[in-house]
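Heads up: the sequence lines are chains W and G, in that order. With our numbering, letter number 167 in the first sequence gets 167, and the count goes up by one each step, no holes. With our numbering, letter number 145 in the second sequence gets 1145, and the count goes up by one each step, no holes.
Since the hints were derived computationally from the structure, they do not count as laboratory data. For glycine and all other residues, C-beta sits at the position ideal for the given N, C-alpha and C. Don't take every hint at face value.
[Stated by the list, open to error] Label-pair distances were calculated between CB atoms; the ranges are:
#, chain 1, residue 1, chain 2, residue 2, range
1, G, 1334, W, 365, 34 to 42 angstroms
2, W, 89, G, 1172, 45 to 53 angstroms
3, G, 1059, W, 375, 52 to 60 angstroms
4, W, 588, G, 1295, 54 to 62 angstroms
5, G, 1254, W, 89, 21 to 29 angstroms
[Unchecked claim] Derived pair list, reagent style SDA-like, types lysine to any residue, alpha-carbon separation capped at 20 angstroms:
#, chain 1, residue 1, chain 2, residue 2
6, G, 1087, W, 555
7, G, 1078, W, 208
8, G, 1315, W, 468
9, W, 404, W, 394
10, W, 86, G, 1375
11, G, 1170, W, 156
12, G, 1375, W, 67
13, G, 1078, W, 555
14, G, 1372, W, 62
15, G, 1242, W, 262
16, G, 1375, G, 1212
17, G, 1037, G, 1136
18, G, 1315, G, 1081
19, G, 1242, W, 463
20, G, 1170, W, 363
21, G, 1130, G, 1368
22, G, 1109, W, 86
23, G, 1248, W, 174
24, G, 1130, G, 1141
25, G, 1087, G, 1061
26, G, 1375, W, 85
27, G, 1375, W, 61
28, W, 428, W, 35
29, W, 86, G, 1384
30, W, 428, W, 378
31, G, 1130, W, 61
32, G, 1372, W, 64
33, G, 1109, W, 467
34, G, 1078, W, 393
35, G, 1082, W, 85
36, G, 1078, W, 387
37, G, 1109, W, 463
38, W, 508, W, 429
39, G, 1375, W, 56
40, G, 1375, W, 84
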Amino acid sequence: MAEALTLSPPTSRLHAWILRAWQTPAIVIGLASIVPLALLLASPMVHVLREAFSYQENEALRAGVPEGTLTLEFVREVVASNLSPKLFWIPLGNTLVTGVIATMLAVMIGGAFAWLLTRTDIPGKKVLANIALIPYVTPPWPIALAWVAAFQTDAVPGGKPGIVQWLTGMKPPSWACYGPFPIIMVEAIHLYAYAFLSISAALQRVDASLEEASDVLGVSRARTLGKITMPLALPAILSAAILTFGKAAGNFSTPFFVGNPVGYHTLATWLYALVQNQQNGRAAIIALALVLLSAVTLELNRRAVGQARKYGTVTGKGFRAQRVKLRHLRVPVTAMTTLLVLATAVVPLGILIVQSLSAEEGIYALSNLTLHSWIGHSDVRYARGEPGILRNAEMWMATWNSVKMSVLQAGICVLVGLPLALVIHEGKPAWLTRLVEILTFVPYMTPALAFGAVYLLLFARPIGPIPALYGTFTLLIVVSVAKHIPYAVRAETAALTQVAGELVDAAKIMDIPLALTMRKILIPLLRPSMFAAFVMMLISGMKELSLVILLVGPNTQLLTTFVYRYQELGHRGFSAAMVVFLVAIVVTISTVVRRLQGEDLAKGQFSEE
Amino acid sequence: MTKGSRVGAVLVGASLLAVGILSLTCRPAFDQQAWFKAAKLGPFRDKSETVATVEAAARKEGEVVVWSLSSRLEETGKAFEKKYGIKCSVQSMGTQDLLKKVRYDQQAKGFNADVYLFGDAPEVLSTLVKQGQAWPWLSPEMERAIPESLKVGLPAHHVSAIGVIYNSDKYAQPPIKSWWDLTTPPWQGRVVMKDLKKGGGDVNLFSAFVQHSDDLARDYKDHFGEEIKLDGTPNAGYEFLKRLLANKPIFTPSGSEAADKVGASNVVDPPVGLMTLGKVRYKGERSLALKWIPGMTPASGLAYPDPIGVANGAKHPYAAKLFIEYALSVEGYKPYLEYGTWPARTDVPLPEEMIPLSQAGFWIVDPDYNFKVRKDIFDFIVGQQ
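Work out the full structure, taking the sequences as your base and the hints as a guide.
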């Protein structure tokens, strides 16, 4: 002990502080984690900043200046040049417009859905809730592709008849297939389940006894909904809306597939276009704009949540919300809800299945059906001799890799997140807590591709005892843990404060060792939240593409990189089959895992009575 | 001292150690000159080095890793492994991903690959090759077989080209003759191409129009019988781009989707497409009726090499050389022996229906010019849309 302290200058106050800090495990952990966190979580953001404000690589060569020369040229070009309306302002406007409308739709549908499922006697709740989760666990681009398959027409030169045209004989207008309208629709479909989950959780927290009181006083149902339920749930609904908007605004694939063909760009697709044209400086500026956008969204969210806390009705007491009887509306409401769930969850998947079974796209005849994309033997006449996906050994390897990676990264995130959450909960010293909080949050806002770049730079060769990790499975895990750690830390900090805060503080006062506190208090109490975070990260790991695209080696292909490959090669049927397969796996895993835990992602709140 | 803080002490120590090691090892320990000497590359390249000596050394190395833009090279890799018993892994990825990966791997001195097969020659030759991240190597036989124009910086493995493709079911004859036709009303909304903002070869074609603006001006006069009037553009090349973009072309996310739109049998009113000639090879397998228009004026389109080279710092330089030799050999080249791709070698027979590159009337990409004007062209295109 004494030897360790001789390093510090002999200031008595500092000395005392160090002594005290030394005895607080949370502080020690906090201090110890700063360097690794900064290196693993913050360096990708530094990389983006470097590209944004200095000439790097090819940009330096093109400008004829030494690499690393500082510049504000990229900012000027993007926000204040002749070209900036095209480069920045219009895409920004498009991002906001589609994001806001999609969010409104998603929140309206999700909110109505949440109310129906938590507060009324609509039948088949559990089934409806589980099917409604499908569009959310599906990556958004298959829905976008399915949308195009449905609404394309042969009215434009080179167009093919879509399913709608085939079924109705009518040619949908072009705006129905490409442009802002389909972007809004696809994102609303993808995100309403997210809004539904958050809002139903919020509705659960609204104390039903207030509604009951209102009921006893003879207030009408509609008035109760408007005067009691809504105001109480509003901040939480607002928070759900803000987070939904954040997801919509950052989405790349939907505008890429249904917007770009008619030149409709959002910030995310512009970022991609600039990267594809090696304009990394401008791309980095757009990336920072997206970071700023999500920072603003999060700040708004923080305020909305703060608002929610002001209403002191959030109690830990169990209650059973009273069910509104739908009476004569029961049949039409049930029918409509079922139709909606089917249209958003089952139809897109169905369209992709049809695509995967079509020998040639756009021909709807029995003779055009084939199982080649699924189980065909290698035949040089199809897709350069690619065997059907279920016969492809590499595909099975990719599947196994994806599953293994997602499970491991989610597990590690949850475990590593816990001590970090403890540091944040400790709250002292403020600078340390704040630093850890910020560091563990940076990855959330960093573009995924920047992670790929920096991790390749860091781990392409051995660092001391750590061997070169490029091309290894370990690197994929390391990078996904780094990218997903914010979710775990956030979820665990919130849960810790809400559920176990007092107990942890009590344990600390009683000088109980940290390991024991963890084992006896934290883990048992936080298990449900940790588990929910685990499932969400697992699903998100299965969907990851741009994070890993630079890091996969020949033996570490993932399902998503496989789909990407088929897409690049233009093997449409194969990529449709792969997507269906991917969705099936994600749905299966999340169902199985939830069953094993005996816990529903929708927290069993939709059980029948 | 509690148990927890002891754990903490260990953590602090470990992370300090990690930082120390990091800062030490971040200095380049790689000796470039020693690598040149051992690999006989760069300044130490021995142009008389024979395949036999390379093969012996390659077998000792026993392994080769290839990063490639083209998935067809995977087939070559499998055949190579079978023939020489040298473990060969070919990993294919998109053009831009490959560039990034090579840049960062070289910057970190990871040297995780031995051979690179690149796309986007202008970018590669103007940046990576000039910075010494890839090195040329050819056996004496291949040196003789590949023309000088395809050996600038790095030798080409094969040559691809962008031209105009039409639907041969609906049109018995090519429907157009001059590039200027694409700017006329009959082709409004009926020209398909990969989204120019996706980068790559298509943007290079647009650079070529600007570079050869005199040819375009002359062709305009031949075709329409009058001098071209520029509408606020610097030259006929930009004027062509402006009019082409004003004629509302259809942009697709990928080249294969463009091919689908042009050639599918159930297409009513097929457009023409600007795309790589390789798309014509889909003819058989996807029942697309695609045909290339040779002899367009003032040029058939743009041809560009896809270069191959030994990765700087390669851990298996001799296996890399042997792989390059094999990829250029008649046997190893087989996956590329398809319509629309010319071998860099002039001494091997072409696939059927193909005319020699020298007679096909293409502009050849000019890497330096392209690299310089690329951003301007991009900005011009963006400004027009």
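Hint by hint, here is what the structure shows:
1. Distance hint check for residue 1334 of chain G and residue 365 of chain W: the Cβ-Cβ separation is about 36 angstroms, which falls inside the suggested range of 34 to 42 angstroms.
2. The given range of 45 to 53 angstroms is respected by residue 89 of chain W and residue 1172 of chain G, whose C-beta atoms sit roughly 48 angstroms from each other.
3. The given range of 52 to 60 angstroms is broken by residue 1059 of chain G and residue 375 of chain W, whose C-beta atoms sit roughly 40 angstroms from each other.
4. Residue 588 of chain W and residue 1295 of chain G have their C-beta atoms about 56 angstroms apart, which keeps the hinted 54 to 62 angstroms range intact.
5. Range check, residue 1254 of chain G to residue 89 of chain W: Cβ separation about 28 angstroms, and the 21 to 29 angstroms hint holds.
6. Using a Cα cut-off of 20 angstroms, the hinted pair residue 1087 of chain G and residue 555 of chain W holds, with the two alpha carbons roughly 13 angstroms apart.
7. Annotation: proposed proximity of residue 1078 of chain G to residue 208 of chain W is violated, straight-line Cα distance about 67 angstroms (limit 20 angstroms).
8. Of the pairs offered as hints, the one joining residue 1315 of chain G and residue 468 of chain W holds, with about 13 angstroms between alpha carbons and a cut-off of 20 angstroms not exceeded.
9. The hinted pair formed by residue 404 of chain W and residue 394 of chain W meets the criterion: a straight-line CA distance of about 15 angstroms does not exceed 20 angstroms.
10. Restraint check for residue 86 of chain W and residue 1375 of chain G: the C-alpha separation of about 15 angstroms stays at or below 20 angstroms, so the hint holds.
11. A threshold of 20 angstroms between alpha carbons decides the hint, and for residue 1170 of chain G with residue 156 of chain W the separation of about 16 angstroms falls inside it, so the pair holds.
12. Between residue 1375 of chain G and residue 67 of chain W the alpha-carbon distance is near 18 angstroms, which keeps this suggested pair within the 20 angstroms criterion.
13. The straight-line distance between the Cα atoms of residue 1078 of chain G and residue 555 of chain W is roughly 15 angstroms, inside the 20 angstroms bound, and the hint therefore holds.
14. Taking the CA atoms of residue 1372 of chain G and residue 62 of chain W, the gap is about 7 angstroms. The hint holds against a cut of 20 angstroms.
15. Proximity of residue 1242 of chain G to residue 262 of chain W is assessed by CA-CA distance (about 17 angstroms); at most 20 angstroms being required, the pair is judged to hold.
16. Distance hint between residue 1375 of chain G and residue 1212 of chain G is fulfilled; the C-alpha atoms sit about 17 angstroms from each other, no more than 20 angstroms.
17. At roughly 15 angstroms between alpha-carbon atoms, residue 1037 of chain G and residue 1136 of chain G fall within 20 angstroms of each other, so this suggested pair holds.
18. This hinted pair checks out: residue 1315 of chain G and residue 1081 of chain G have alpha carbons roughly 17 angstroms apart, not beyond 20 angstroms.
19. With a C-alpha separation of about 52 angstroms, the suggested pairing of residue 1242 of chain G with residue 463 of chain W is violated against the 20 angstroms cut-off.
20. With a C-alpha separation of about 18 angstroms, the suggested pairing of residue 1170 of chain G with residue 363 of chain W holds against the 20 angstroms cut-off.
21. A hinted pair counts as satisfied when its Cα atoms are at most 20 angstroms apart, and residue 1130 of chain G with residue 1368 of chain G qualifies at roughly 11 angstroms.
22. A distance of roughly 38 angstroms separates the Cα atoms of residue 1109 of chain G and residue 86 of chain W; the hinted pair therefore is violated under the 20 angstroms criterion.
23. Under the criterion of a C-alpha separation no larger than 20 angstroms, the hint pairing residue 1248 of chain G with residue 174 of chain W is consistent with the structure, at around 14 angstroms.
24. This hinted pair does not check out: residue 1130 of chain G and residue 1141 of chain G have alpha carbons roughly 25 angstroms apart, beyond 20 angstroms.
25. In summary, the hint linking residue 1087 of chain G to residue 1061 of chain G is supported, as the alpha carbons are separated by about 10 angstroms, within the 20 angstroms threshold.
26. This hinted pair checks out: residue 1375 of chain G and residue 85 of chain W have alpha carbons roughly 17 angstroms apart, not beyond 20 angstroms.
27. Distance hint between residue 1375 of chain G and residue 61 of chain W is fulfilled; the C-alpha atoms sit about 13 angstroms from each other, no more than 20 angstroms.
28. Simply put, residue 428 of chain W and residue 35 of chain W have alpha-carbon atoms about 18 angstroms apart, close enough for the 20 angstroms limit, and the pair holds.
29. Under the criterion of a C-alpha separation no larger than 20 angstroms, the hint pairing residue 86 of chain W with residue 1384 of chain G is consistent with the structure, at around 10 angstroms.
30. Taking the CA atoms of residue 428 of chain W and residue 378 of chain W, the gap is about 63 angstroms. The hint is violated against a cut of 20 angstroms.
31. Using a Cα cut-off of 20 angstroms, the hinted pair residue 1130 of chain G and residue 61 of chain W holds, with the two alpha carbons roughly 10 angstroms apart.
32. For the suggested pair residue 1372 of chain G and residue 64 of chain W, the alpha carbons sit about 11 angstroms apart, so the restraint of at most 20 angstroms is met.
33. Under the criterion of a C-alpha separation no larger than 20 angstroms, the hint pairing residue 1109 of chain G with residue 467 of chain W is consistent with the structure, at around 13 angstroms.
34. Straight-line distance between C-alpha atoms of residue 1078 of chain G and residue 393 of chain W comes to about 15 angstroms, which keeps the hinted pair within the 20 angstroms bound.
35. Restraint check: the Cα-Cα separation between residue 1082 of chain G and residue 85 of chain W comes to about 56 angstroms, which exceeds 20 angstroms; the hinted pair is violated.
36. Between residue 1078 of chain G and residue 387 of chain W the alpha-carbon distance is near 16 angstroms, which keeps this suggested pair within the 20 angstroms criterion.
37. With a C-alpha separation of about 12 angstroms, the suggested pair residue 1109 of chain G and residue 463 of chain W falls inside the 20 angstroms cut-off, and the hint holds.
38. The suggested pairing of residue 508 of chain W with residue 429 of chain W holds, with an alpha-carbon distance near 16 angstroms, which does not exceed 20 angstroms.
39. About 15 angstroms separates the Cα atoms of residue 1375 of chain G and residue 56 of chain W, which keeps this hinted pair within 20 angstroms; it holds.
40. For the hint linking residue 1375 of chain G to residue 84 of chain W, the alpha-carbon distance of about 15 angstroms falls within 20 angstroms, and the restraint holds.
Hints 3, 7, 19, 22, 24, 30 and 35 from the list above are not met by this structure, while the remaining hints are.
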